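Construct the complete structure from the given sequences, taking the supplied hints into account.
Protein chains in written order, with our numbering: chain A, 16 to 176; chain B, 16 to 176; chain C, 16 to 176; chain D, 16 to 176.
For the record, the hints were derived by calculation from the structure and aren't laboratory data. Here the structure is a predicted model, which is why all the values come from computation and not from measurement. Treat the hints with caution; some may be incorrect.
Because identical chains cannot be distinguished in the list, a pair is counted as satisfied if it fits within a single copy or across any two copies.
[Unchecked claim] Derived DSS-like pairs: lysine-lysine, alpha-carbon spacing no greater than 27 Å straight-line:
(1) LYS45 - LYS151
(2) LYS154 - LYS37
(3) LYS154 - LYS41
(4) LYS137 - LYS154
4 protein chains.
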Amino acid sequence: MLIAINAYKQVESKGTKMKDDKKIAKHIHKVQYYETDQMQVVHHSNYLRFYEEARTAFMEKIGLGYDMLEKNGIIIPVTAISCQYLGAAVYPHELEIRSKITKYTGVRMTVEYEVYDLVTDKLINQGITQHAFVDKEFKPFAMQRNYPELHKKFLEYTVEE
Amino acid sequence: MLIAINAYKQVESKGTKMKDDKKIAKHIHKVQYYETDQMQVVHHSNYLRFYEEARTAFMEKIGLGYDMLEKNGIIIPVTAISCQYLGAAVYPHELEIRSKITKYTGVRMTVEYEVYDLVTDKLINQGITQHAFVDKEFKPFAMQRNYPELHKKFLEYTVEE
Amino acid sequence: MLIAINAYKQVESKGTKMKDDKKIAKHIHKVQYYETDQMQVVHHSNYLRFYEEARTAFMEKIGLGYDMLEKNGIIIPVTAISCQYLGAAVYPHELEIRSKITKYTGVRMTVEYEVYDLVTDKLINQGITQHAFVDKEFKPFAMQRNYPELHKKFLEYTVEE
Amino acid sequence: MLIAINAYKQVESKGTKMKDDKKIAKHIHKVQYYETDQMQVVHHSNYLRFYEEARTAFMEKIGLGYDMLEKNGIIIPVTAISCQYLGAAVYPHELEIRSKITKYTGVRMTVEYEVYDLVTDKLINQGITQHAFVDKEFKPFAMQRNYPELHKKFLEYTVEE
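Take a look at the structure:
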């Protein structure tokens, strides 16, 4: 399994700093006291939550809110995550999480993230989440056939690279 | 960054099911109600916590408890994570998290995990965490020079593959 | 609202240390690293989770598991909590949470808790949770009428004081 | 211990809805997906985190940020909590947490909270937290003697009722 992280690091070194763009969402998260651990920094598991915050806020903004999708029977579980910690976030700094959909097939979706500390202006974390589109019984389906309008919207906001 | 997950999947297909071995730790975690989300399954961020539970329990068992290490000024933050969700854990199933140290250099460490649902006996999640050894100011150092006895112990429990 | 805590303190001073009894559940929780905060102790919100762990484990043991109840359409939300922090739990101590049902009417339930640090053998926290019995639409109902067998079981394990 | 919650309920019925005032802080928290549980609502333990968010934001705003206080060796742990759940918060509603310091002695502090669902405009939760002022060894001390300027500030923002 080691290959994954090695490959990941190679990609990182290419410099994928996200540019300003309407397809790139910016979400502010203020570090909370309850997110710290005894290492005096944000516990590493919280970054997956920051990704989720940024992703769901973005999708809500473009008319694809998780609550609406779930009411329509569309569940989007996370199927894989890669995450790299370049620095540590501390209380009570504000973080900016930039996210963009980098792949969308109607069956699967990939979202990429960069987390900046707005006090130090440094990139402290970057990651990827992969998702599947499933129904309430967790059975995969194709968005294109069942929800063509929503499918179109997803495509519109995908940044193929 | 997509390469990371692609590579990861290739590796997965090789079948890396951990064998019973003294260098492989088994940790039981019972899914708690508070770990579920409205998708009716364990929220994906909790798997990083399960990894931590398994890793710290294993290290404590072999005489390398995080509390002892931190009292000696040795901090071991997570520097990277890959995680693949193959199934969903539900309340109140018991999970078995198997973990092993697959790389240890005295400066860095890699730990790999497999999570089994003990009710269904299925592998539902697998992942990797990478770590650095740093002091209280988060400066990296070499275990071998500063803590030769602990270094030896880490090496003893590393499963190079 | 101040009265609540004042009243609570008076009661505390009476010495309500739970005795060993089949109606009193004992649950072990090992403090995890991810439960600590930068104060170097367990974040106070986690005690509500420890209560839940203890309560659900107890109920599962006596044949009233939350998963079974929820499959039958019985939801038991928390309606009120009082919690007093007498000491701080630290990683990686083991805690023992003692719990008992102190009131059960078929419509409402009260559970009381004491948390002991097993390393120091001190009482570090005590609390109460109040619950209602509701259906999936969160409408209250009477257990006695709808589920007489389960009602009987609840009564059997209630320690009226 | 039952008295506590009974007393609490009496007080609740008096109608303690906070009025707009410079000593009353308003904090917005958007419910996150990861805060829900399989009951399809926000897990009850999160309200203690919402209280903390509101309290620390308020204190930061008036020049009493926890980070500044902790750098000065002033730790303010929670010593008791009462919390009443009047309704359930759902994803992705915005909540408004109103908080005010209702008692401050230089040794102890009490903060009260009301949580409103901004979509339904209903009061869904109210609570109290009690705090002690301690040093890094968790020993109590008097703010008035050690930090007269900060003490004055605390008094200025206390709403004695």
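Against the structure, the hints come out as follows:
no.	hint	in the structure
1	LYS45 - LYS151	between (33 Å within a copy, 24 Å between copies)
2	LYS154 - LYS37	neither (32 Å within a copy, 38 Å between copies)
3	LYS154 - LYS41	neither (32 Å within a copy, 31 Å between copies)
4	LYS137 - LYS154	between (40 Å within a copy, 18 Å between copies)
The structure shown violates the earlier hints numbered 2 and 3.
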